[in-house]
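Line by line, the protein sequences are chains A and B. Under my numbering, residue 357 is the last one in the first sequence; the count climbs by one each step, no gaps. Under my numbering, residue 1186 is the last one in the second sequence; the count climbs by one each step, no gaps.
Heads up, a few of these hints could be off.
[What the hints assert, rightly or not] Here are the computed distance ranges between Cβ atoms for each label pair:
| no. | chain 1 | residue 1 | chain 2 | residue 2 | range |
| --- | --- | --- | --- | --- | --- |
| 1 | B | 432 | A | 342 | 50 to 56 Å |
| 2 | A | 342 | B | 397 | 31 to 37 Å |
| 3 | B | 1004 | A | 342 | 38 to 44 Å |
| 4 | A | 93 | B | 902 | 40 to 46 Å |
[What the hints assert, rightly or not] Far from chain B, by Cβ distances over 12 Å, these chain A residues were calculated:
| no. | residue |
| --- | --- |
| 5 | 28 |
| 6 | 79 |
| 7 | 96 |
| 8 | 221 |
| 9 | 271 |
Note that these hints are calculated values from the structure, not bench results. Where a beta carbon is used, it is the ideal one built from N, C-alpha and C, also for glycine.
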Amino acid sequence: MGVTVGTLDLDAYVGAADAAIRAASSTDALDAVAAEYLGKKSQLALVQRTFGSLSDEEKRTAGAALQQVRSTLDGAISGRREALAAAERLEQLEADRLDLTEVVPAQVRRPLRRGHQHLISQTQAELEDVFVGMGFTVADGPEVETDWYNFEALNIPPAHPARGMWDTFYLELGDPETVVLRTHTSPVQVHLMEEAVANNTLPIHAVMPGRCFRRDTPDARHLHTFHQIEGLVIDEGITFTDLAGVIQTFTTAYFGPAMSSRLRPAFFPFTEPSAEFEITCAICQGAGCRTCSQTGWIELGGCGMVDPAVLDAVGIDATRYSGFAFGFGIDRCAQMRYQIADMRALVENDLRFVEQF
Amino acid sequence: MLVPLSWMLSFAPLPTDVDLLRATFDDLGLVVESVEHIGEGLDQIVCAKVTDISAIDGADKVRKITVDAGGAPLTIVCGAWNFVVGDVVPLAPVGAVLPGDFVIAKRKMRGVESNGMLCSARELGLGGDHAGLMLLTTVEGATPGAAIADVLGITPDVIFELSAEGNRPDAWSILGVVRDLAARLGVPVTVPALTDASIATAAATSPAAASIAAPAFCQRLTVTAATGIVVTDSPRFIVDRLEACGMRAINNVVDASNYVMLELGQPTHAYDAHRLSGGTLGVRLAAPQETITTLDEVARVLGVPGRGLGDSGEDVVIVDGDDVVIGIAGVMGGAATEIHDGTTALVLEAASFSPMAIARTSKKLGLRSEASSRFERGVDPNLAGAATERFFQVLRLTCPLLAVGWPSAVAEGDVAPVTVITAPVGEFTRLLGLSLDAATVERLLAPLGFAVAGDAILSITVPSNRPDIRTMPFGVADVAEEIVRTYGYTKLERTFPSWSTPGSLSAAQRRRRNLRSVLCGLGLDEVWTPTLVDPAVAARGLGDEAVVRLTNPLSAEEGALRTSLLPQMLAAIAYNADRRQLETGFFELGTVFEHPAVAATPRTTKAGGGGGAVASLPMERTHLLATLGRHGDDAATAVAMFAELHPTLGLGPYRLVQPAPLTDLGPLGLGLHPTRSAAVVCVATGITYGVVGEVDPTVVALAGVHDGRRIGLLGLDVDALATGELARAVGEAIPVSKFPSSEIDLAFVLADATPADALRAALVAAAGEHLSSCVLFDVYRGTGVADGSRSLAFRLQFGALDRTLTDGDVGAWRTSCIDAAASLGAVLR
Ligand SMILES: [Zn+2]
């Protein structure tokens, strides 16, 4: 039983439109069908314009009926459009098909241009090379860690105020605030020590470069994602003066023979005694300038003798072995060497920046 | 922490050479963040009374001012307008040096001689007002010629901004800093009394009472009652010292408490005695959900566990005689018992709380105070008595009728025993590398309050102001630090350890370096794209359950760990395209993450309190991805690039499998072009370890690259390259024949549906053992070749080590090749 509005039999109208929609064989054809049955010049639109002569009640009934037709047809058209678009995409992809085994490499264009390694990976490689030359192996570690590796085994128990030294990103895994993005490369120390104890392979002489994360709003000087390199020596007879010597050797090897280092008392939960290490200010060569607050020294990183509590946590006999650890920013080395004003350039990957290195 | 030199000098006859003090602080581990000179350059500035103001012909910005500065009238040209005849202003006479080494000279401006400069407050380093001259008209004693420093009561001083490390609770006070300095510089320390009248003789009031119901959280609670309080302003020198240290003066009671905290390091809290029940204070744990409104008028809910490990909701509180909570211990007092203008009697709390408990509560409530920062580090449990006495000494300056209820009531909790470190002197040498004997250790430690006894075996008694020094055995390291710190880090010798094992990179690290250098050699630029990405982007193609989310991201767009390098690398291409930089061929070597719930082999590792639990962590894989977006780049570029790269990987032969089996590829297969991509498969093992081809055009558009270019793609699972099965045994060198080789070219027409590789494989199989290479060198479609087919031209090279091949040999192999091709439907052209 057909509903009629004005001169229009709605069922017949929908039937005809449906057939046309199904018959449309391309998205272009479908656009034409849509215009014919739903557009400004469609019969539907024409009928709507005759509503002026109807009573309010009639207007409401007729309007609802037309709205019903519109939404039915809209649904049919969009369904058809999806199917057609998918078919058209398939057709295009098929026309585009390439047998990759028929590629003749000799015929591929080869630009006469070398690429550029990222400044940070270059810097990391240079640092690694210096330490390899000093007898260190290079170790990697994961970027996601548990509370144990990032904090507790490093003598930073849960809720310890020292945790405030690191703004931490937590992951939605396990119990709240138990899985973290590592805030430093120090967890790799714990892994190395645990493995060395388990496999009976002490001593350890290793550096550990890697990506770290801290929940600091990025600005020109800091990014929340950054790179550190950390060193660990665990052996018999290792002393604090050995640490001072290794820092000095590294400083001249990496920064140049005119550069010196000095240690200053500091606090880190995982080392005792602890120190900040500073190197000669490269800008004023130690004479004192604004950058170094007139001191002639620039802070580079932290270091110290591995805390006996850390050795205890990983099961190393602290009466036989002693050791030191040190760490500093790879990004910071690059920043210092190239006077990078805004560190965000490192992740923007703008060709004009990338090509400088 | 701001430390005025003048305050330090009241304790010890320290040298006043600022550079020496600064260097000494630095070497003691008290980092000098800044040094501010107060009243510097004021000695020549005098008060001047304006006696005449007249215009200068032709000048509308400056006027001629005549002043009386105690001598003959002086004329000065001045550009300020905020004063009238009769005002008193500061004058920098000719020859004066203003802050910033600005020397005042006699000048002539617009024909008028100017004999000095009238100054603004900022020019004198006395504040930020630069709108006009500093007006002294209403200041008492500002007579012409008077020195401005005297008139304003400014004593030149030096303020050091120090940051004391977390393990130096003793150093977070003026006295603590002085003690450290004096020990190094060898000068005595004395604490001066503030009043002549001893508090001990003040009229007594009824004593207070103290109790501790949470002995593990409070070592000692000292409570003292006092009457005769008049709440008023503090004396000028107290206000000056508080302000020099960056604190605001409130009233004499609060100021006395702050003064003592700054000077000695002991936080105290004064309660209005009439707003408490009884003169009794107690310490207990908060009941669950117990509330208090703190001084800052915020209602705080206590006794609720916090997030994360180690906070089970143990909040320490102070209660009155009715067990009503009147303060959050060590953090902040309550509003209801606050000292107010009408306070006439008070009860003073001075205590020593557990650092961990105060830290937990302060962190959970997001409420840090001067007191909580000190308690977090640890406060000397024996300091409360001295601090209480000092508090009343200060208060007595403004309250002559003060009556204190001596003795203070003292309750004890679990008082830590005195720490004694026992170790052979050689143990310190073993750790430090310094040659030490008992006498040297004593000389270094005694000035800090450590008692050193013994000879070969040392017995070192730790002073109570060093709660950071642990007990045996770990305390040995803490004492070692004190030894080397007082010895002087700057004097430390440098020794160079050596060991017999060589330094080296691991195989995986060498492989990554190789990938970088080869790809750079092939013209690609290395990029660093973000690890933290939009969760919707991370879920693309994998589903929400594959995404590792952050609990506390800085922004929603950085709320998940990346699952693939592709979206951000395409974003880097789009970023450059927006800047009209179109020659972008990028690669990245980076970590991608897979949720442990969907990872085939989740990583399990030690977790939880004490490392006793096991946690499932995301699988981390190192991917290499290259996105080739340069002019003319496409899938063929990627194939050719991999052909160059492959020989440097140390792997056996590979084949390209098309279409790429997405199930074998995991996240590496995301965004692949369905008809222009292939998987890289190891022939010998069948292991899939990479992809080559193009990025799906829909994905390219989604990333914001809309210029219609094709983007070639090369991806490797770098961790898979390291698996033993894939790594090729060291190959033997293939000898080169000394006899001429023979070449034949064969071109076949083959249906598009059959891969060129299939034909090549058939040719290689048919050509036999003397084939040394078979290379596709030309592909042709068009005139002469049927639609749906192409012509493939191969060059086959034959050779033998022991002879020259004959035409007959080659002819026979040629025939077998043609037959083999025919079986695939390939027709010789
Ligand atoms: Zn400098």
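- [ ] Hints the structure violates: just list their numbers, smallest first.
- [x] 4, 7, 9
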